[in-house]
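Visitor: Sequence:
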Amino acid sequence: MSRQLISSEKFPTKPHNCPAVKVPGLVFLAGQTATGEIKQATRTALQNLKEVLELSGSSLDKVVKYNVYLADMADFAAMNEVYIDFLPAPMPSRTCIQAGQLPGAGTVIEIECIAQA
474 MSRQLISSEK FPTKPHNCPA VKVPGLVFLA GQTATGEIKQ ATRTALQNLK
524 EVLELSGSSL DKVVKYNVYL ADMADFAAMN EVYIDFLPAP MPSRTCIQAG
574 QLPGAGTVIE IECIAQA
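Per the numbering used here, numbering of the sequence shown is gapless, rising by one per residue and ending at 590.
The hints are simulated quantities; they were obtained by calculation from the structure and are not laboratory data.
Backbone N, C-alpha and C define an ideal beta-carbon position, used for all residues, glycine too.
Warning: the hint list may mix true and false statements.
Lysine to any residue pairs mimicking SDA-like chemistry, simulated, CA-CA at most 25 Å apart [said to hold, decoys possible]:
#1 K495 to F484
#2 K483 to F501
#3 K495 to S566
#4 K495 to Q513
#5 K535 to G579
#6 K487 to D548
#7 K535 to Q513
#8 K483 to P563
#9 K538 to D548
#10 K512 to K495
#11 K483 to G504
#12 K523 to Q571
#13 K538 to A562
#14 K535 to T568
#15 K483 to K495
#16 K495 to E527
Restraint-style ranges between C-beta atoms, simulated for each label pair [as the list claims (entries may be wrong)]:
#17 I570 to V496: 21 to 27 Å
#18 P488 to T508: 19 to 25 Å
#19 T486 to N553: 30 to 36 Å
#20 E482 to M546: 19 to 25 Å
Between the sequences and the hints, there should be enough to build the whole structure, so can you do that?
Guide: Here it is as structure tokens:
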């Protein structure tokens, strides 16, 4: 099976992962994190995912699964409001949990996804 690592100047490969991995039929995106107020942070994370999807030849309407990690589950309603407005319908499956600790100082959200290639 072939495997293509997806990265760019804006979304570089790091020592511990790359922004996305494309295999026949699917693309797996690493989590995108954001800091600050939860609504803006959600927009930032989703916009970054959108850009990485496009780098890989996919798009938001091809996502089959999102995993959302919140620093505080009290932010769920505000995150969900932006999530629903940002993404095309019909919505794919999603998991949302409160993470014990997210990477990076002040990180309030991390979102990852799997999409059709």
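Visitor: Now, for every hint given, state plainly whether the structure supports it.
Guide: Comparing the hints with the structure gives:
| no. | hint | result |
| --- | --- | --- |
| 1 | K495 to F484 | holds, 15 Å |
| 2 | K483 to F501 | holds, 18 Å |
| 3 | K495 to S566 | holds, 20 Å |
| 4 | K495 to Q513 | violated, 28 Å |
| 5 | K535 to G579 | violated, 30 Å |
| 6 | K487 to D548 | violated, 29 Å |
| 7 | K535 to Q513 | holds, 23 Å |
| 8 | K483 to P563 | violated, 29 Å |
| 9 | K538 to D548 | holds, 20 Å |
| 10 | K512 to K495 | violated, 29 Å |
| 11 | K483 to G504 | holds, 15 Å |
| 12 | K523 to Q571 | holds, 23 Å |
| 13 | K538 to A562 | holds, 13 Å |
| 14 | K535 to T568 | holds, 17 Å |
| 15 | K483 to K495 | holds, 18 Å |
| 16 | K495 to E527 | holds, 12 Å |
| 17 | I570 to V496: 21 to 27 Å | holds, 26 Å |
| 18 | P488 to T508: 19 to 25 Å | holds, 22 Å |
| 19 | T486 to N553: 30 to 36 Å | holds, 31 Å |
| 20 | E482 to M546: 19 to 25 Å | violated, 35 Å |
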